[in-house]
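According to this note's numbering, the residues represented by the sequence shown are -3 to 278, in order.
Derived from the structure by calculation, the hints contain no laboratory data.
Beta carbons: idealized from backbone N, C-alpha and C, even for Gly.
Watch out, some of these pointers could steer you wrong.
With a straight-line cut-off of 27 Å between C-alpha atoms, the simulated BS3-like cross-links for lysine-lysine are [to be verified]: (1) K78 x K140; (2) K274 x K179; (3) K140 x K130; (4) K179 x K277; (5) K78 x K143.
Restraint-style ranges between C-beta atoms, simulated for each label pair [unchecked claim]: (6) N271 x E144: 52 to 60 Å; (7) R106 x K179: 49 to 57 Å; (8) G257 x I180: 20 to 28 Å; (9) T63 x G88: 36 to 44 Å.
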Amino acid sequence: MKFACDQLRYLGVLEAIVLVVMMIWTSTYFVPFMYNAVVHYDAVENLTLPIVGYIPFNYSVTPRYQTAVAFQVIWFYFNNLKTVAIDYFILGYIALHIIQFRYLDLILGRMTQNLVGNDPDVGRINLNLIRWIKQHQEMTRISKVTKEMLSIYFLIEFAYIVVHICVPAFVITSTLSWNLNQKIVLIFICSIGAATLYLLSLSGDILSDSNEEFGITFYGPHLMDNKSSKIIYHMLVNIGRNKSNQLGFSNVFPLCSITFGAIMRMAMSAYLALNQIKAFKN
-3 MKFACDQLRY
7 LGVLEAIVLV
17 VMMIWTSTYF
27 VPFMYNAVVH
37 YDAVENLTLP
47 IVGYIPFNYS
57 VTPRYQTAVA
67 FQVIWFYFNN
77 LKTVAIDYFI
87 LGYIALHIIQ
97 FRYLDLILGR
107 MTQNLVGNDP
117 DVGRINLNLI
127 RWIKQHQEMT
137 RISKVTKEML
147 SIYFLIEFAY
157 IVVHICVPAF
167 VITSTLSWNL
177 NQKIVLIFIC
187 SIGAATLYLL
197 SLSGDILSDS
207 NEEFGITFYG
217 PHLMDNKSSK
227 IIYHMLVNIG
237 RNKSNQLGFS
247 NVFPLCSITF
257 GAIMRMAMSA
267 YLALNQIKAF
277 KN
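Could you build all of it, start to finish, from the sequences and the hints given here?
Following this line, the structure appears as structure tokens:
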């Protein structure tokens, strides 16, 4: 009973952490929604379209102009909702793998601790081990499929965030006609791009650590117990053969904090390059 309560408490803590991270993740999109509202208000006031190139009749208030503005406003908001939904799904999918690895690690760690000083029921333990090792193999297989499935997405997200950070920063420093409020909004947008990438990198770090540290709890005094050492040895061998690979950007960069730092340096380099091109033209 105590073991079951500890499991529920452990999962409750993990669930709370996941919910907090998801709330932080979702709240980072508040500023783009506000930014779109400001852009649309300014467009209506100056009789220009948010996306000027779509329809050329943006010089007077006409039903066609109002329809175009309404369509573009709706499109902006649905596009933002789509982005939030995709990122929410990706983070939740990674968090699910993390919880599964941590939960299985907890079960096996408790089982090996209970073997110390007790006569193990080898038949029952072997049945449980077969089930848990198969579960770990399936989790590892799904993690590898996840890596293949999300690698292109992470690569596109990587390229998008580099542009999302360096271009607004360039606009802030090069556009003299903008007021302070507009520049503050763009600073928030740069920060959102960095926060999005950091949360993705952090989730990749946690998933990799959960898989690599899986089985470490088995090491201890119980390995010297002749009654259980063979069981634990076979368990560690099977687990060691089923380590999954780390998530990454199309097999180019791993999804981790080190990559986050590298991408931020690339964004800064792109920003400096844009400034140099502007200075050369002037």
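Practice task
Measure nothing beyond the straight line between the CA atoms of K274 and K179; if it is 27 Å or shorter, mark the hint as holding.
Solution key: 19 Å, holds
query: Are the Cα atoms of K140 and K130 separated by 27 Å or less?
result: 15 Å, holds
Worksheet item: Honestly, do R106 and K179 meet the 49 to 57 Å range at C-beta?
Response: 55 Å Cβ-Cβ, so the 49 to 57 Å window holds.
Verify the CB-CB distance for T63 and G88 against the hinted window 36 to 44 Å. Once the Cβ atoms are compared, 37 Å apart, the range 36 to 44 Å for G88 and T63 holds.
Would the pair K78 and K140 pass a check requiring their Cα atoms to be no farther apart than 27 Å?
Holds, at roughly 26 Å.
Holds or violated: K179 to K277, with C-alpha atoms at most 27 Å apart: 24 Å, holds
I want to verify a distance hint. Is the separation of the beta carbons of N271 and E144 within 52 to 60 Å?
This hint is violated: roughly 38 Å between Cβ atoms.
Next on the checklist: Next pair to validate is K78 with K143; report whether the Cα-Cα distance is within 27 Å.
Outcome noted: 22 Å, holds
- Supplied distance hint 20 to 28 Å, evaluated on CB atoms of G257 and I180: About 26 Å separates the Cβ atoms of G257 and I180, which means 20 to 28 Å holds.
Against the hints set out earlier in the document, a violation occurs for number 6 only.
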